[in-house]
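Student: Spelled out, the chains give:
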Amino acid sequence: DAGVTQSPTHLIKTRGQQVTLRCSPISGHKSVSWYQQVLGQGPQFIFQYYEKEERGRGNFPDRFSARQFPNYSSELNVNALLLGDSALYLCASSLDTNTEAFFGQGTRLTVV
Amino acid sequence: AQTVTQSQPEMSVQEAETVTLSCTYDTSESDYYLFWYKQPPSRQMILVIRQEAYKQQNATENRFSVNFQKAAKSFSLKISDSQLGDAAMYFCAHVRAGSYQLTFGKGTKLSVIP
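Protein sequence lines correspond, in order, to chains A and P. So that you can map any letter, position 74 of the first sequence is 74 in my numbering, and since no number is skipped, the others follow by simple counting. Every position in the second sequence, counted from 1, becomes a number in my numbering once 1000 is added.
So that you can see chain P by itself, here it is in the shape it has in the complex (with noise of 0.2 Å):
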């Protein structure tokens, strides 16, 4: 079984400056997905970054950056130039290859200080 852990339940960070939210996962599969959700108040769940776990590049878009250690297990998430929107919980979760059934950790809120 796959095990998602976020070990900061809240984080600040003034506007426009830089934040990482860490997430750790345990898994016994080689080949799996890795992704940062967002919810803001609205409840969506909405995409902000995906990783390939046979890629050795971490992904990028726009503000927003992935540090992945596959040895360590580790898939951190980088917010640059913060905006107030950006404010809202951050949802690390894994699927295996091959699967539809996404596991989530237990979330990060992320409050942004004008």
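Chain A with its partners taken away, still in its complex shape (with noise of 0.2 Å):
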């Protein structure tokens, strides 16, 4: 089986501009969630996805937005890119709550 698989792998933007960032679930997995990982720190939840709703959203502004597709794929969208938003941004699918959370190997976004 596929694991969670993410696109790009690498990403360079300029400020200001607008980024989409893709993911695609364990097939079987109804949620994903999305994490930023700064150089040197641990994960920060941006937002969780279940069946097409947002169930859960981190302390980001509302420049980052995301959805979910009917086949559970998932973006995440960041406008207005700033230099602090350079980080590896992580994908992560369940099957439920409770439940281990697979991950990505992620998109390195570098803002320049």
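Keep in mind the hints are simulated off the structure, nothing from the lab. Note that this is a predicted model, so its numbers are computed, not measured. Honestly, I wouldn't trust all of these hints.
[Stated by the list, open to error] Straight-line alpha carbon distances no greater than 30 Å define the calculated DSS-like cross-link-like pairs of lysine-lysine that follow:
id: 1; chain 1: A; residue 1: Lys13; chain 2: P; residue 2: Lys1106
id: 2; chain 1: P; residue 1: Lys1055; chain 2: P; residue 2: Lys1106
id: 3; chain 1: P; residue 1: Lys1078; chain 2: A; residue 2: Lys30
[Claimed, not checked] Just the calculated beta-carbon pair ranges, DEER-fashion:
id: 4; chain 1: P; residue 1: Ser1042; chain 2: A; residue 2: Pro61; range: 43 to 51 Å
id: 5; chain 1: A; residue 1: Gln41; chain 2: P; residue 2: Lys1078; range: 18 to 26 Å
id: 6; chain 1: P; residue 1: Glu1029; chain 2: A; residue 2: Pro70; range: 28 to 36 Å
id: 7; chain 1: A; residue 1: Leu82; chain 2: P; residue 2: Gln1083; range: 39 to 47 Å
Glycine included, C-beta positions come from ideal geometry on N, C-alpha and C.
Take the two lone chains, each set in its own frame, and fit them into one complex as the hints suggest.
Tutor: Written as structure tokens, this is what we have:
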């Protein structure tokens, strides 16, 4: 079975631009969560979606948005990029609460 | 809100020896889960071990075991017979029951010396 897949793996954007990151969960997993991992820190929760509905939001500005599609894949959008948005963005899928979260390899976003 | 603290930014261990990574957490919840994740240079977070708060017995997975002290809110990871492939960042994480939102510590970088 394929694991959680994220695309692209690396991305370089200019300040003020917009970016879209994509995530495909493990087959059968209906929950997708997004995390931001700044260099030298642990991942920080951004969003969680279940059955196409937002179920949780972390302490991130409105420039961050996400959605989940009928096939349970998800997109994370970040508008008006700042230098501080440079980070590894991780996607995780889960079968249910209280079960293991499986992570993708992440998208490394660099804002210049 | 939950917080997770890992007080050891870096640790090192000789190959075949044992090392313990520390983690403390703060939560007002009575039902929750704790995890140790490993993140090698490939960046993918891999679950090492999981502990249900309602279980008194410490979890074990082959060479990996935890010391879960619920009253002290402590959750340390012991790696026995360390191998070169154990070298990675290790993150302690907490999630309250019924939630998907993981709260991570800042991580401990483990080096294994041949």
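Student: None of the hints should be skipped; say for each whether it holds.
Tutor: Right, here's what the structure says about each hint:
1. A/Lys13 - P/Lys1106: Within the cut-off at roughly 26 Å; holds.
2. P/Lys1055 - P/Lys1106: Judged against 30 Å, a Cα distance of about 26 Å means the pair holds.
3. P/Lys1078 - A/Lys30: Violated: P/Lys1078 and A/Lys30 sit about 33 Å apart, past 30 Å.
4. P/Ser1042 - A/Pro61: 43 to 51 Å: violated (30 Å)
5. A/Gln41 - P/Lys1078: 18 to 26 Å: holds (24 Å)
6. P/Glu1029 - A/Pro70: 28 to 36 Å: holds (33 Å)
7. A/Leu82 - P/Gln1083: 39 to 47 Å: Given range 39 to 47 Å: holds, Cβ gap about 41 Å.
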